[in-house]
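K.L.:
Note that the protein sequences, when read in sequence, are chains A and S.
Take the first sequence: its position 507, counting from 1, is numbered 507 in our numbering, and each next residue is one higher.
Just so we're on the same page, our numbering is the position in the second sequence counted from 1, plus 1000.
The set of hints was computed from the structure by calculation and includes no laboratory data.
Among the clues, some could well be false.
[What the hints assert, rightly or not] Below are the SDA-like pairs computed for lysine to any residue, each with C-alpha atoms no more than 20 Å apart in a straight line: (1) A:Lys203 x A:Arg713; (2) A:Lys297 x S:Asn1018; (3) A:Lys299 x A:Ala344; (4) A:Lys296 x S:Gly1041; (5) A:Lys254 x S:Met1040; (6) A:Lys243 x A:Trp302; (7) A:Lys254 x S:Thr1003; (8) A:Lys297 x S:Met1040; (9) S:Lys1144 x A:Arg713; (10) A:Lys296 x S:Asp1016; (11) A:Lys147 x A:Lys254; (12) A:Lys95 x S:Arg1089; (13) A:Lys203 x S:Ala1090; (14) A:Lys254 x S:Thr1014; (15) A:Lys297 x S:Asp1067; (16) A:Lys297 x S:Ile1002; (17) A:Lys296 x S:Glu1149; (18) A:Lys606 x A:Val714; (19) A:Lys296 x S:Thr1060; (20) S:Lys1144 x A:Thr706; (21) A:Lys297 x S:Ala1090; (22) A:Lys296 x S:Ala1147; (23) S:Lys1144 x A:Lys606; (24) A:Lys460 x A:Lys606; (25) A:Lys254 x S:Gly1015; (26) S:Lys1144 x A:Lys254; (27) A:Lys296 x S:Ala1066; (28) S:Lys1144 x A:Pro648; (29) A:Lys296 x S:Met1040; (30) A:Lys260 x S:Met1040; (31) A:Lys260 x S:Gly1015; (32) A:Lys297 x A:Ala344; (33) A:Lys297 x A:Val255; (34) A:Lys297 x S:Pro1083; (35) A:Lys296 x S:Glu1119; (36) A:Lys254 x S:Asp1016; (37) S:Lys1144 x A:Lys95; (38) A:Lys606 x A:Asp557; (39) A:Lys203 x S:Asp1016.
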Amino acid sequence: MTTIRNVSRRDFLKRTGAAGALVLGAQLAPLSFTQSVMAAAGEPNAAAQPNLFVGIDPDGTVTITSIRVEMGQGVRTGIPMILADEMEADWNRVKLWQAPGDPEKYDPAGKDKQNTDGSRSTRHHLDLMRQFGAAARQVLEQAAARKWGVDAAEVYAQGHRLHHSPTGRSLGFGEVVEEAKGIQVDPKQAKLKDPSNWIYIGKDLPGIDNYDMTTGGANYGADVTMPGMRIAVIARSPVFRGKAQSFDASEALKVPGVEKVVEIPALADDKAPEFRALGGIAVLGSNTWAVMEGRKKLKIDWEAGPNAVHTSKTFDAALMKSAKGGGAVIRNRGDVEGALENAAKVVESDYFVPYFIHTPMEPPAAIVDANSRPVQVWAATQSPNQARQYVAEAIGVDIKDVECNTTLLGGGFGRKSKPDFACEAAILSKMTGTPVRVQWTREDEIQNGYYHAASAHAMKAGLDADGKCVAWHHCGSWPSILGLWNPAQKTGFGIEYGLGLIDTPYNEVKNLRIENGEADIHTRVGWYRSVNNIQHAFATNGFVHELATAGGRDFLDLMLEMIGDAQVMDLTKDGVEEYWNYGDSVDDWPIMPKRLSNALRRVAEKSGYGKELPNGHGLGLAVHRAFHSYVAAAVHVVVRNDGSIHVPQVDMAIDCGRYVNPEGVRKQLEGAVIYGHSVAMHGKITTTDGAVDQSNFHDYPITRMTDAPLNIRVHVLEDFVDLKPCGAGEPGVPPYAPALVNAIFNATGKRITRLPISEQMSA
Amino acid sequence: MITVKINGVNRQFTGDPNMPILWFVRDELGLTGSKFGCGMGLCGACTVHVEGQAVRGCITPMSAAADRAVTTIEGLDGEGNHPVQRAWRAHNVPQCGYCQSGQIMQAASLLNQNPDPSEQEIIDGMAGNICRCGTYQRIYAAVKTAATEV
C-alpha cells in the first residue's frame, strides 16, 4: 500500500532544501495585513508560526504555497501564477505545496477562513498575492545586492535571475539563498510590477497538475492511506433524520474482510444538521469491496420520522401554491398592482426547478486518525478549517488539536464544503481505535446529500401597447439553505435573495415587486454550483422571452431595453436595505447593468443572432449577473422530429473584470455549459415518503459526450479588465438553461417553464 | 488462487474471485490512478485494459482477469507519454482530473482498435465515460489529435 504521510511545515522545509533553503513568509492575523515578510532558513521559530508562501531551494526551485483547494476550477494554477509573476519566477521551476487548514496563516484576505467556495479565490487574492510575490522579489534583489556589495536599487529580478544593471552580472535565485536570510520586506510596502510587465497574469497557462492527472499520479480523498487504517461505508437512513431502531449485523460480519459493524448515533433531535454526521450503521474492514458487500447484508429497521411526509408530488405543488399566493416583499418599486390594472396586456407564467444533487465524479471520502494528537484529517474538502471545526466537535477535542490537510478534489460543486464525511471518519476512528477512511458510494452521494433547493416561481407582468414591460412581479418559494442551522426556517434569507432574485438583471421596469413565499424544509438543502442563481436566471430569462412573444417584440431588443445601460443599479432606492453582494462591498463591486448589456450584445453578434435558420433550428439568448461577473449565453439548438435535441453551437460572453488566466476562464465557461446542459436536460431529484427516488447515473443522468455541446465558443470581454476581478467558476451555469429553452421555443414554438427538459420532449 | 499480470508484473490474488479488479489494484496494490465513481459501470472512471481492451474495473471480477494482462493508467506508458496522454496535455483537458485516467484508458483502447475513428465513432466510443467538469470538447479534440499519432 502506498502511504501518504502528513506533510507538515517541517516537511515543507525539507522539500525546499532543508537547512540550506530560504523560506519567505509573513506573520499575519486574520483581517490584518500588517506584518512583514520574513526570510528564514532551517527550522523556523515555531512560536512565530510564520505564514509560508514562498520557499526557494539552493538549486533555484521555487515552492509556492497553494492556499486554495483545487476542484477543477484551476486555482492551483491561477493563484500561484500571480505570485510567480510578481517575483519573476520561471513557472517551469515552480512547485506547489498545499496549505493545510489554518486560517491564521493561510487566509491572508481574512474573508472566508480558507473555504474555497463562491467563485471568490481570484477576486480576494489577486492583490494580496501580487504583494507577496513582489515582497519576495525584493528580498532576493536585496540579497543579490548584499552578495555583490552594491546598492539594491541597481539590482532587478527577471527570468528567475537577479541582474546587476551597471555591470551586467547576474545570479540565479538559488545562489542568493544564504544572503537572503534575515532580510525583511513588508508586502504592503512592496513595489508592484507595472501590469505592462506581467509575464503570466492575463496570459494562458495550462493546468499545473496536468502531468499527474494524465498519469494516475494525482491524489484525491480516497487515495490517502494511514498505517493500520480501516475502510468504512455507512448505511444512513433513507429519510433525513430517520433513526435505526435496531439492526442485525450477523450476515454482514460473515463477509470475508469485514471486521466490525458499529453504530454512529443519529443526529440528536436538538442539533441542527449543519455539517454534522447524519448517523448510521458503519461497516469497517480491510478493503472497500468487502465493506460494500457487507453493508448490503445489514438488516436495519429504520424509523423514518417526521420527514416521511416529504413526497415530491405534494411538496412541489405546495411550493407552487406558496409562490402563487405571494409572500414577504423583498424589493418594491412603484405601484405594480396599479400598473397591471392599466396594462394593455397582462402575462402570467409559472416556473419550476426541481432539486438537484452535485454528483462530483469523486464521491466524498476522508481519512481520520482521531487517536493521535493532533488529530490527523485528510479530506477531499473545500473547507479544511470547517472540517477541523466539525471534527473537533464530533469527537470532543479542541480545534487546535485537529490538523486537516486537503487532497485534490474530484469535483466539488459545493458538496465538499460540507465536511460531514470527515466527521463520520473521526467518530469511527475514535470508536474503533484505528485510523478510518470513510468512503461514500454514488448511491450515498445521491441519496444522503445536500440538495440544491427545488423552487417555484410565479411570474406576472404588464405590457403597454408597444410591448414595453411596465410592471414586473416575481414571487419565489423554496426550502432555504438556512434550514441547515434553523430547521424551522420558513423563508429564504439575504444570501438567497442576492443570488439573482432582488438583483434581477431585468431592472429597467417602472413598477417592480419581488416577493418570497414560505416553504417547509424536509431535507438537507445546500449550495450547489451557482446556487439559486440557476432558478432565478431560468425564470426571469424565460419569462422575458414570453413577454417578447406576447408583445410582438424582438427578443434581443426587449432584453436590452429591460437590462438597460445604467452604470450602476442602486437597490436601496427600492427598499433593499441589506444587499448581500456576495459578501463584498457595493462600492468595490457595484451592480453594473451596462456590463451585462455589453455581454449580451457581444454574444448576439458572435452567434449571428437574427439570421434566418432552417426549420427545426433555434437560437436562444439569456443573461445573468452572478458572483460579480456578467455572462450572456447564445444557444443554437436543433430539435429533431423525434423530439431529441442537438446543440451544434454555444456562444458564451463573460465580463469577469480583471482575469488572471484566460485559459482558465474559458475552461470554466466550457464546463459551465456542460454543467448547465445536465441541469437543463436531466437534472431532477425527487422524493417519495421522504426517501430520494434516484440512486446512480442510470436514473440521475449526467450529460455525456453523446448529448454534450462540443462547439462552445467563449468570448472573454476585454473592455473591463481594469476593473476588479470577479468570479469565473460558477457564473457560466445560470444563463445556459434559459437560453436553451428559449432556443427550443424559437425552433418549435414549444415553451418550457419546468426543468428538466428531456422528459418534456417527444415526437 | 488467481494469477494476473498487472502492468507487466505477475500478481497473486487469493480473495473473493467476485471482487472487481478496481479494488484489487487500488486497495491491495496501491495503484490509485483508477478511480471509483459509481460502482455500476456507468461512469467509466475505473476504466482499465484487459488484454488491451477497455473494461470497467468496478464491475469486472478478478475471475475474468485470471491469467490475463491488465493495464492500468500507471502502466499505459512508462514515461506517461502515450500519444493519448500527450494529446490530453496539449489540449489542456483536465479540470479536476478525477475521470481523466478512465477517459484516457478508454481513448487509448478506442484508438487501438480503430486508429482512424470518425467524429461519430469518437463520440460513441467515449459515451461511457462521464466528465462532470464538462471537458468533453477538449477530450474530443484530444482524441482526434492522438489519432494522428497512433
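K.L.:
State for each hint whether it applies.
P.N.:
Hint-by-hint comparison with the structure:
no.: 1; hint: A:Lys203 x A:Arg713; verdict: holds, 18 Å
no.: 2; hint: A:Lys297 x S:Asn1018; verdict: holds, 16 Å
no.: 3; hint: A:Lys299 x A:Ala344; verdict: violated, 65 Å
no.: 4; hint: A:Lys296 x S:Gly1041; verdict: holds, 18 Å
no.: 5; hint: A:Lys254 x S:Met1040; verdict: violated, 24 Å
no.: 6; hint: A:Lys243 x A:Trp302; verdict: holds, 6 Å
no.: 7; hint: A:Lys254 x S:Thr1003; verdict: violated, 25 Å
no.: 8; hint: A:Lys297 x S:Met1040; verdict: holds, 18 Å
no.: 9; hint: S:Lys1144 x A:Arg713; verdict: holds, 19 Å
no.: 10; hint: A:Lys296 x S:Asp1016; verdict: holds, 16 Å
no.: 11; hint: A:Lys147 x A:Lys254; verdict: violated, 71 Å
no.: 12; hint: A:Lys95 x S:Arg1089; verdict: holds, 18 Å
no.: 13; hint: A:Lys203 x S:Ala1090; verdict: holds, 16 Å
no.: 14; hint: A:Lys254 x S:Thr1014; verdict: holds, 17 Å
no.: 15; hint: A:Lys297 x S:Asp1067; verdict: violated, 31 Å
no.: 16; hint: A:Lys297 x S:Ile1002; verdict: violated, 26 Å
no.: 17; hint: A:Lys296 x S:Glu1149; verdict: violated, 46 Å
no.: 18; hint: A:Lys606 x A:Val714; verdict: holds, 10 Å
no.: 19; hint: A:Lys296 x S:Thr1060; verdict: holds, 19 Å
no.: 20; hint: S:Lys1144 x A:Thr706; verdict: holds, 16 Å
no.: 21; hint: A:Lys297 x S:Ala1090; verdict: violated, 47 Å
no.: 22; hint: A:Lys296 x S:Ala1147; verdict: violated, 43 Å
no.: 23; hint: S:Lys1144 x A:Lys606; verdict: violated, 26 Å
no.: 24; hint: A:Lys460 x A:Lys606; verdict: violated, 32 Å
no.: 25; hint: A:Lys254 x S:Gly1015; verdict: holds, 14 Å
no.: 26; hint: S:Lys1144 x A:Lys254; verdict: violated, 50 Å
no.: 27; hint: A:Lys296 x S:Ala1066; verdict: violated, 26 Å
no.: 28; hint: S:Lys1144 x A:Pro648; verdict: holds, 18 Å
no.: 29; hint: A:Lys296 x S:Met1040; verdict: holds, 15 Å
no.: 30; hint: A:Lys260 x S:Met1040; verdict: violated, 25 Å
no.: 31; hint: A:Lys260 x S:Gly1015; verdict: holds, 19 Å
no.: 32; hint: A:Lys297 x A:Ala344; verdict: violated, 66 Å
no.: 33; hint: A:Lys297 x A:Val255; verdict: holds, 9 Å
no.: 34; hint: A:Lys297 x S:Pro1083; verdict: violated, 45 Å
no.: 35; hint: A:Lys296 x S:Glu1119; verdict: violated, 42 Å
no.: 36; hint: A:Lys254 x S:Asp1016; verdict: holds, 13 Å
no.: 37; hint: S:Lys1144 x A:Lys95; verdict: violated, 31 Å
no.: 38; hint: A:Lys606 x A:Asp557; verdict: holds, 16 Å
no.: 39; hint: A:Lys203 x S:Asp1016; verdict: violated, 53 Å
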